[in-house]
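> Given only the sequences and the hints, what does the whole structure look like? Please build it.
There are 2 protein chains.
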Amino acid sequence: MDKKDVLSSLAALSQETRLDIFRLLVQAGPEGRSAGAIADALGVAPATLSFHLSNLTHAGLIVQRRASRSLIYTADFDRMNALLGFLAENCCGRPTSVPTCEPVCAPSSAASCGK
Amino acid sequence: MDKKDVLSSLAALSQETRLDIFRLLVQAGPEGRSAGAIADALGVAPATLSFHLSNLTHAGLIVQRRASRSLIYTADFDRMNALLGFLAENCCGRPTSVPTCEPVCAPSSAASCGK
DNA sequence: ATGATATTTCGACATTACTGGAAATAACAA
DNA sequence: TTGTTATTTCCAGTAATGTCGAAATATCAT
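Protein chains in written order, with my numbering: chain A, 1 to 115; chain B, 1001 to 1115.
Please keep in mind that the hints were generated in silico from the structure rather than gathered at the bench.
Yeah, the Cβ is synthetic: ideal placement off N, Cα and C, and Gly gets one too.
Any given hint could be a false lead.
Below, computed lysine-lysine pairings styled on BS3-like, alpha-carbon distance capped at 27 Å [said to hold, decoys possible]:
1. B/K1004 <-> A/K3
2. A/K4 <-> B/K1004
3. B/K1003 <-> A/K4
4. B/K1003 <-> A/K3
Quick look at which bits of chain B chain A covers, simulated, 3 or more residues with Cβ under 8 Å [as the list claims (entries may be wrong)]:
5. 1016 to 1023
6. 1079 to 1087
Listing some non-contacts, in silico: residues in chain B with all C-beta distances to chain A over 10 Å [claimed, not checked]:
7. D1002
8. S1034
9. G1036
10. A1039
11. D1040
12. G1043
13. P1046
14. A1047
15. T1048
16. V1063
17. R1066
18. A1067
19. N1090
Structure representation (structure tokens):
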């Protein structure tokens, strides 16, 4: 993950509506949510939502798949892990990688490692 | 750390010059760097640098102290840890806090915990 | 084909952010 | 004091971002 990716990911998450969208999709897990469901949940105009979904997609933080008429969006946990990794390593004075118990981000039941 | 703080921290770090400044200050550790030193290191016009330093300060990510004629800026590691904590908990599907070995962010020699 | 539903793209506007020169402020030295 | 250095504030211009109505696209059902 290079600096450009980091910047676009941070920019994506630094906008309130997009942060809300992303958190909603994290909660939703691998199942995801349709654009319409997101719009309903957050009370955003369709065109505005689409603008933000596009931004998050280009930032690599979410992924789109089609299910009949609906477009379903899901959070990309790998990407979020990569972002957290970058921040921990490059913005925290850690010489190498952080001794976490494997990925910080996971859809739901992340085994609580070691201790 | 509430959502507003998170948003302003993310916004601060999502700008290239500011990310560079912050990384420089993380490297510099508790000693910090003067505004002039930062300007020299990054090749930014004084007024522009001041604008970004102000932004980072308001976001709570850096802290200012005066040393004679110079203003010395240092990274606020606690704040960065809080940000990472929020992202891990709220944007990663973790139910509670992440089982890291205590703070992710530390100035320099962070003991490599447990294993 | 026609119509209904789901979502995006287009276009225009309003707002906010970034940049840097010039003037102002702060601290020190002679 | 007067001058010098370090930094900020002010200002104006330019660029980027966010918003949303209206039109376009895609999918499915009849």
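> Evaluate each hint against the coordinates.
Hints, one by one, checked against the model:
1. With a CA separation close to 24 Å, the supplied pair B/K1004 and A/K3 stays within the 27 Å bound.
2. About 24 Å separates the Cα atoms of A/K4 and B/K1004, which keeps this hinted pair within 27 Å; it holds.
3. A threshold of 27 Å between alpha carbons decides the hint, and for B/K1003 with A/K4 the separation of about 24 Å falls inside it, so the pair holds.
4. For the suggested pair B/K1003 and A/K3, the alpha carbons sit about 24 Å apart, so the restraint of at most 27 Å is met.
5. Counting residues of the segment 1016 to 1023 of chain B whose C-beta lies closer than 8 Å to any C-beta of chain A gives 4; at least three are required, and the coverage claim holds.
6. Remark: the segment 1079 to 1087 of chain B is confirmed as covered by chain A, as 5 of its residues place a Cβ nearer than 8 Å to a Cβ of that chain, reaching the required three.
7. Non-interface status of B/D1002 relative to chain A is upheld: no Cβ of that chain comes within 10 Å, the nearest being about 12 Å off.
8. Once the 10 Å rule is applied to beta carbons, B/S1034 is consistent with being away from chain A; the minimum gap is 19 Å.
9. Separation of B/G1036 from chain A is adequate, the least Cβ-Cβ distance of about 23 Å exceeding the 10 Å criterion.
10. Chain A leaves B/A1039 outside its interface by the beta-carbon criterion, the shortest separation being 20 Å against a cut-off of 10 Å.
11. Every C-beta of chain A lies more than 10 Å from that of B/D1040, the closest at about 21 Å, which supports listing it as non-interface.
12. Every CB of chain A is more than 10 Å from the CB of B/G1043 (nearest about 16 Å), matching its label as outside the interface.
13. The beta carbon of B/P1046 sits about 23 Å from the closest Cβ of chain A, which is more than 10 Å, so the claim that it is off the interface holds.
14. For B/A1047, the condition that its CB be more than 10 Å from all CB atoms of chain A holds, with the nearest at approximately 22 Å.
15. Look at B/T1048: its CB is around 17 Å from the nearest CB on chain A, clear of 10 Å, so calling it non-interface holds up.
16. The claim that B/V1063 is not at the interface with chain A holds, since no C-beta of that chain comes within 10 Å of its own (minimum 15 Å).
17. The claim that B/R1066 lies off the interface holds: its Cβ sits roughly 24 Å from the closest Cβ of chain A, which is beyond the 10 Å cut-off.
18. Chain A leaves B/A1067 outside its interface by the beta-carbon criterion, the shortest separation being 22 Å against a cut-off of 10 Å.
19. With a cut of 10 Å on Cβ distances, B/N1090 falls inside the contact zone with chain A, its closest approach being about 6 Å.
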